[in-house]
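Residue numbers (the numbering used here), protein chains in the order written: chain E, -18 to 98; chain Z, 10 to 119.
Keep in mind that a hint or two might mislead.
Straight-line alpha carbon distances no greater than 27 Å define the calculated BS3-like cross-link-like pairs of lysine-lysine that follow [stated by the list, open to error]:
hint : chain 1 : residue 1 : chain 2 : residue 2
1    : Z       : Lys78     : E       : Lys22
2    : Z       : Lys12     : E       : Lys21
3    : E       : Lys22     : E       : Lys(-10)
4    : E       : Lys34     : Z       : Lys106
5    : E       : Lys(-10)  : E       : Lys19
6    : Z       : Lys12     : E       : Lys19
7    : E       : Lys34     : E       : Lys(-1)
8    : E       : Lys(-10)  : E       : Lys3
9    : E       : Lys34     : E       : Lys21
10   : Z       : Lys12     : E       : Lys83
11   : E       : Lys21     : E       : Lys3
12   : E       : Lys22     : Z       : Lys12
13   : E       : Lys3      : Z       : Lys106
14   : E       : Lys19     : Z       : Lys106
15   : Z       : Lys106    : E       : Lys(-10)
16   : Z       : Lys61     : E       : Lys(-1)
17   : E       : Lys21     : Z       : Lys61
18   : Z       : Lys118    : Z       : Lys61
19   : E       : Lys(-1)   : E       : Lys19
20   : Z       : Lys78     : E       : Lys(-1)
21   : E       : Lys0      : E       : Lys(-10)
22   : Z       : Lys78     : E       : Lys83
23   : E       : Lys34     : E       : Lys83
24   : Z       : Lys106    : Z       : Lys78
25   : Z       : Lys118    : E       : Lys22
26   : Z       : Lys12     : Z       : Lys106
27   : E       : Lys83     : Z       : Lys118
28   : E       : Lys0      : E       : Lys21
29   : Z       : Lys118    : E       : Lys34
30   : E       : Lys3      : E       : Lys34
By construction, these hints were calculated from the structure, which means they are not laboratory data.
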Amino acid sequence: DTEVTQTPKHLVMGMTNKKSLKCEQHMGHRAMYWYKQKAKKPPELMFVYSYEKLSINESVPSRFSPECPNSSLLNLHLHALQPEDSALYLCASSQAPGRGVKEGGYTFGSGTRLTVV
Amino acid sequence: DAKTTQPTSMDCAEGRAANLPCNHSTISGNEYVYWYRQIHSQGPQYIIHGLKNNETNEMASLIITEDRKSSTLILPHATLRDTAVYYCIVRVPLGFKTIFGAGTRLFVKA
């Protein structure tokens, strides 16, 4: 399996709703990432997990709450979002530093297109 | 991580080679050069990476200058499906901060 699977593909939520985005990979990657991408802009890094622990939080508002329950799963919990949070949310995975690990690229999922109304 | 500079857009005729340049004049000795592309409405796709030697895989070739201050991604026979935004990124080995710049929008025309 060489894919990162993101669900749902599309999500419409109200500003008072609570929803979650899910990301799954079975490549044995121990680093996982959340990116946010607005239209016609490059992806922006939000969070990085390494060996299931949060390594990087790029000053993301607390209404976005990441979770890594195991080495294959990454969730992004959403609460009280604003319309400006509407974007494509991308998950990625990669090798993490470790003995014998070779340098390589990230594998991205197709994203969840989120609309906040 | 070092910053990169890429042209905003480029055109290429179908079947011809597409040569996409990238400047990274502040690259550090241990930083790799990575290329990704993003086809409309899809997630970015890893293409190739290199440290100092030229690299080739089934998708593309990467030519890095001897001083490592610039590189060129070569798609040898561009097809319409290669129309995408191409991102050049530099980062430390196994680093966690893959930061995307504006990239180059490549249009392959029939």
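To see whether the hints hold, each was checked on the structure:
no.	hint	verdict
1	Lys78/Z x Lys22/E	holds (25 Å)
2	Lys12/Z x Lys21/E	holds (20 Å)
3	Lys22/E x Lys(-10)/E	holds (19 Å)
4	Lys34/E x Lys106/Z	holds (16 Å)
5	Lys(-10)/E x Lys19/E	holds (16 Å)
6	Lys12/Z x Lys19/E	holds (21 Å)
7	Lys34/E x Lys(-1)/E	holds (23 Å)
8	Lys(-10)/E x Lys3/E	holds (10 Å)
9	Lys34/E x Lys21/E	violated (31 Å)
10	Lys12/Z x Lys83/E	holds (23 Å)
11	Lys21/E x Lys3/E	holds (24 Å)
12	Lys22/E x Lys12/Z	holds (17 Å)
13	Lys3/E x Lys106/Z	holds (21 Å)
14	Lys19/E x Lys106/Z	holds (19 Å)
15	Lys106/Z x Lys(-10)/E	holds (25 Å)
16	Lys61/Z x Lys(-1)/E	violated (47 Å)
17	Lys21/E x Lys61/Z	violated (31 Å)
18	Lys118/Z x Lys61/Z	violated (32 Å)
19	Lys(-1)/E x Lys19/E	holds (21 Å)
20	Lys78/Z x Lys(-1)/E	violated (47 Å)
21	Lys0/E x Lys(-10)/E	holds (13 Å)
22	Lys78/Z x Lys83/E	holds (24 Å)
23	Lys34/E x Lys83/E	holds (21 Å)
24	Lys106/Z x Lys78/Z	holds (20 Å)
25	Lys118/Z x Lys22/E	holds (23 Å)
26	Lys12/Z x Lys106/Z	holds (12 Å)
27	Lys83/E x Lys118/Z	violated (37 Å)
28	Lys0/E x Lys21/E	holds (25 Å)
29	Lys118/Z x Lys34/E	violated (46 Å)
30	Lys3/E x Lys34/E	holds (17 Å)
Checked against the numbered hints given earlier, the structure breaks hints 9, 16, 17, 18, 20, 27 and 29 and satisfies all the rest.
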